[in-house]
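**Q** Residues per chain, in single letters:
2 protein chains.
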Amino acid sequence: MEGMVRRDASPEVLQLWRNAECVAFDIDCTITINDSLDALGEFLGVGEQIQKITNAAMDGHLDLETALQQRLDAMNLTTQKIQAFVNSHPVEKRLVPNIRTLIEELQARNVEVFLISGGFRELILPVAKALGVPKSNIFANRFVYMADDNAEEDQVSSQSLRVTTFDPKEPTSRGGGKPEAIRRIREKRPYNTIVMVGDGITDLEAGQETGGADLFIGYGGVVQREAVMKEADWFVDDHAVLAEALPRLKVAMIGSGAWACASMRMVAENARSRRIFYPKVKMWVFEEEHNGEKLTELINRTHENPKYLPGCHFGDNVEACSDIVSVVQDADILIFCTPHQFVHRLCLQIKSHVKPGCFAISLIKGMRVRTDGPQLISTMIQRTLMVDCSVLMGANIANQIGPGSLCEATIASKNVEHARLLKLLFHTEYFYIDIISDVEGAEMSGTLKNVVALAAGFADGSGYLDNCKAVILREGLKEMRELSIRLYPSVRESTFFEACGVADLIATCSGGRNHKVAMEFAKRGGSDSFDTLEAELLHGQKLQGTLTSHEVQSCLKIKGWEADFPLLKVVDLIVNGVYEPADIARFRDLNLFPIVKSPTAEALAASEDAAMLDSIQRRVSILEVRGLV
Amino acid sequence: MEGMVRRDASPEVLQLWRNAECVAFDIDCTITINDSLDALGEFLGVGEQIQKITNAAMDGHLDLETALQQRLDAMNLTTQKIQAFVNSHPVEKRLVPNIRTLIEELQARNVEVFLISGGFRELILPVAKALGVPKSNIFANRFVYMADDNAEEDQVSSQSLRVTTFDPKEPTSRGGGKPEAIRRIREKRPYNTIVMVGDGITDLEAGQETGGADLFIGYGGVVQREAVMKEADWFVDDHAVLAEALPRLKVAMIGSGAWACASMRMVAENARSRRIFYPKVKMWVFEEEHNGEKLTELINRTHENPKYLPGCHFGDNVEACSDIVSVVQDADILIFCTPHQFVHRLCLQIKSHVKPGCFAISLIKGMRVRTDGPQLISTMIQRTLMVDCSVLMGANIANQIGPGSLCEATIASKNVEHARLLKLLFHTEYFYIDIISDVEGAEMSGTLKNVVALAAGFADGSGYLDNCKAVILREGLKEMRELSIRLYPSVRESTFFEACGVADLIATCSGGRNHKVAMEFAKRGGSDSFDTLEAELLHGQKLQGTLTSHEVQSCLKIKGWEADFPLLKVVDLIVNGVYEPADIARFRDLNLFPIVKSPTAEALAASEDAAMLDSIQRRVSILEVRGLV
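Chains A and B, in that order, give the protein sequences.
At position 297 of the first sequence (counting the first as 1) the number is 297 in full-length UniProt numbering, and the numbers step up by one without a gap.
At position 81 of the second sequence (counting the first as 1) the number is 81 in full-length UniProt numbering, and the numbers step up by one without a gap.
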């Protein structure tokens, strides 16, 4: 008989399993190590009697309904007894090996998990909760209670109810209940492929009747029934076999600078620990020499990048490679993390080599300025490669990330499914991820904060104190918000309260490289150029803020908005040597540009014959125009 | 004749002037040093001819309309000539002394200013603009232009238009025009008291006809006309006399700590320089000895408070006094700036002594917890004294405020008029004020940020770096927002982007006293109590954060919201020695309270029979429940 058991899945079966959209599990002896009703009988001291009835039903001598009723009668159940059983049988001790992992893996892949059981709902709920299966995904029998005339207390309470029978409307209370449950699932959602996993004859039926499961997998980890073994499309003794067979996502990191290395630590860790990712992560490295050794070889030997982020080990599942095409061609997830000026060229290089169905995430800050306005890096990646591109932005000083510290970031994505997978890829206990949908807001915030960091650096380097720095950060945040919303009306204010907004700004303005260089620029009174300082202080890393400042001003010029963003403007004038670093504190007063008038004052000026406005409003605006208030 | 001229205002006239709601000014020879049409004639080389016609009209030999037309004919005006005249006669050189101050003073008091002139609008607009008078508040004549057949250019452009006549519809083009203008003002707005100020007979008429001005003030600074001198209700040669006679607001500061002294510098400066305030400002001081001298005497001798903010001189117009009743009884504006635990008692003390019509502003951070929830300090002041109470909150480290630095604050007020006056009282070039109406949001933010500052201090003292601090500040801002909005649904998210929100938080979390003490607490591993550290580090100043933390927790307990504010909770547990300062970075993980579930997961748990939710949404929430993501 053993020869007939399909212990290895055929290619067709494997294909069905990998494409499953819904997997329904039996519970007793498939998810838990015993039959819950049998265990309950044993707990109540009527185990033998119950077992006898169960066997009679199994052997076909009793129909399911009669057997169910007989067992209930034998147990004389009350709510108290049920509660006592549940309390004394913790879920953790009842689960079969690897079932938790399998269900997690399925759910991580967006596969809907159902539980279908001839057992009773009250006994199943703790199991469902432990496995993260919502109550609405359970098909099981229901006890029917009545007041217990023999209860000791006079008053009827929920504690004095007795189980009399079961709810006959539940399909699982009768023969053919499991295929019926599968049909009900299909009615609600049109899954293309539904798989049933179980140990019993009733489970097997679910795969044999019309409208039932498309694939039946037999599980023999607790009981091995001959019919099931013979008839199952695939028969396994360990759920790990099923988990292993699920598809895995391959990840490629494009970039190897400080931030790429810092984030690679989380990515590599999650690729090792989460089965949904292929453990090996490829990393594209711009080949150069470091201490006489090729950087790729150095990284592959030491599992860190000693040039840009020494000390940050990402483990041996990372493979550095200087050939961009070989890095990206089989990847399901592309992580972009290079200086922003290089991305466009890289995208053109890999355009015809990316895997169909892959998606991207950009960790890059910056923008691409074109005559019709700016283009976000994520948009550029999306348009060039024709793949969805999310962004990850946050308060991330690269050399401060790791176990024992606390860090957070925002993933912004238009695709909920991608966002979820990306969170699994980046989230660790020391790197906390929130998800939002406002890609433009997150990326603009991440980009513009580098310019504000220059302002903060000028302030710190000029000796201004906390109050002044707070003014500059607030004005910076205000201009970041204002510019983002003007360029992308879909941008939401709330985005700037996220990790990618105010938190990133605060961290960057005290510990970031742009702040560091700008502070030194101010301390030296502007005597050394930014190029000199970059070379001296950043050890080969690039300064993004000055470049972004230039891009932002180009964009503001195209739009005619220069005067509306005084802080961004003054930063640029300081960067270009027109103003002194200490002038940063006078961004409101410097008459660099026409005075920004309030709309009310403007309206007054525009219409000579304007009707008399509300008197108070007008007076306030008059004072404003005159600078009195 | 001189004896009949009323150079001193009678009590009735003074009363009318002080109660004026609207003041209308003649322009030529009242606001400007000459007649603009005469000056234009002179500029064009036909001065004598124009003067002759003007005189004939003045003497009654010509009616106004004929005189106007004759003068236009004599000048042969074009747009180019008018523009050339305006450009070569800058407003600043044409204003009579003190007119700018007078108009500013009137407008600061919410008195509406109008200009009524027999001159031409084109010549008046630059004057109106310089004085902050909106175009809709001008009555003047209008040129009528026609294409100039003699223009050199072939095409008709605005540069080749010639003035042919004037618009006869303007009341000022004919006799009785000025009283007619006053009647038109009355038609639009029901002012109780309108005052006309001018130098001419036509101005005088405005006060003599029915429906005209309630008071006519003659101005003789340029020309002194006999009839005007004789008939004017009040005759002045200098606008300063009128400005001096306007009412002034008396200001009282209740408190003399560091923040009271720092803000007193701005208040005293504005009381000296802005005529709307009475220069002498009283300051209530809790009497104590400092270096063997009474603190009040010390302050009145040195014009600073050497105990709480040495080096901050507020000038000799501040009078320190330990008798609270004498400080507040004649004040129009009460500034509250004491430790928050003392305010209620002070309010009860002064309750029956405050001046009717006065209003208050609170600079105090803290809350008063009662069994029905918290009460804002501003609400308590408002309810106890029955006066309107605004608040001023912002990024204000007391010893960093002064010329050469940059600082900002938010005034939140439900009363636009009070807000405007308070801005005049606090705003200086180094202390920038914005106005909002969300009092609750501003005060809650100012209060709660002191608790977040403790969190930031614990983080800094425990050696956590920028990323971690940014996480804590962001979570702090989030919990500040959330708690404020839950307690006061009128609170607006945007308030937290103001100076009183994110800027105050950033400054306080790096340079404030709560941060300082908490950092030291953490550095010493919690070995010294907050009382010890307060005494050692704050030199008599009070630590607000620990008290506020206690108040916040009382409030959260009353509301049953403790679990929803993990950062605030962990701060309190650290303050109370339950957790270590370094635990601040684990605020998300510490199982101090029931896990906060997402609404979706909660909804799922609540309703066993919930309809099948959107599959993706549910899966995300499942992962959340399980802590997978």
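Heads up, some of the hints might be wrong.
A pair holds if it fits inside one copy or across any two, identical chains being indistinguishable in the list.
To be verified - Mimicking EDC-like on lysine to aspartate or glutamate, the simulated pairs with C-alpha atoms at most 16 Å apart in a straight line are: (1) Lys478 x Glu493; (2) Lys542 x Asp531; (3) Lys81 x Glu122; (4) Lys250 x Glu319; (5) Lys230 x Asp330; (6) Lys478 x Asp434; (7) Lys52 x Glu562; (8) Lys93 x Glu304; (9) Lys93 x Glu48; (10) Lys294 x Glu304.
Think of the hints as simulated: they come from the structure by calculation, not from any bench.
**Q** If a hint holds in the structure, say so; if it doesn't, say that too.
**A** Verification of the hints:
With identical chains, the CA atoms of Lys478 and Glu493 are at most 16 Å apart both within one copy (10 Å) and between copies (13 Å). Only within a single protomer do Lys542 and Asp531 lie at most 16 Å apart by alpha-carbon distance; the minimum there is 10 Å, versus 48 Å between protomers. In this assembly of identical chains, the alpha carbons of Lys81 and Glu122 lie at most 16 Å apart only when taken from the same copy (12 Å versus 96 Å across copies). Taking identical chains as interchangeable, the C-alpha atoms of Lys250 and Glu319 lie at most 16 Å apart only when both belong to the same chain, with a minimum of 12 Å there against 75 Å between chains.
Taking CA atoms no more than 16 Å apart as the test, Lys230 paired with Asp330 passes in neither setting, with 38 Å inside one copy and 100 Å between copies. With identical chains, the CA atoms of Lys478 and Asp434 are at most 16 Å apart between copies only, with a shortest distance of 13 Å across copies and 22 Å within one. Neither within a single protomer nor between protomers do Lys52 and Glu562 lie at most 16 Å apart by alpha-carbon distance, with minima of 86 Å and 53 Å respectively. Neither within a single protomer nor between protomers do Lys93 and Glu304 lie at most 16 Å apart by alpha-carbon distance, with minima of 41 Å and 73 Å respectively.
Proximity of Lys93 to Glu48 under the C-alpha cut-off of 16 Å is found in neither arrangement, the shortest distances being 22 Å within a copy and 113 Å between copies. Proximity of Lys294 to Glu304 under the C-alpha cut-off of 16 Å is restricted to the intra-copy arrangement: shortest distance 13 Å within a copy versus 67 Å between copies.
Hints 5, 7, 8 and 9 from the list above are not met by this structure, while the remaining hints are.
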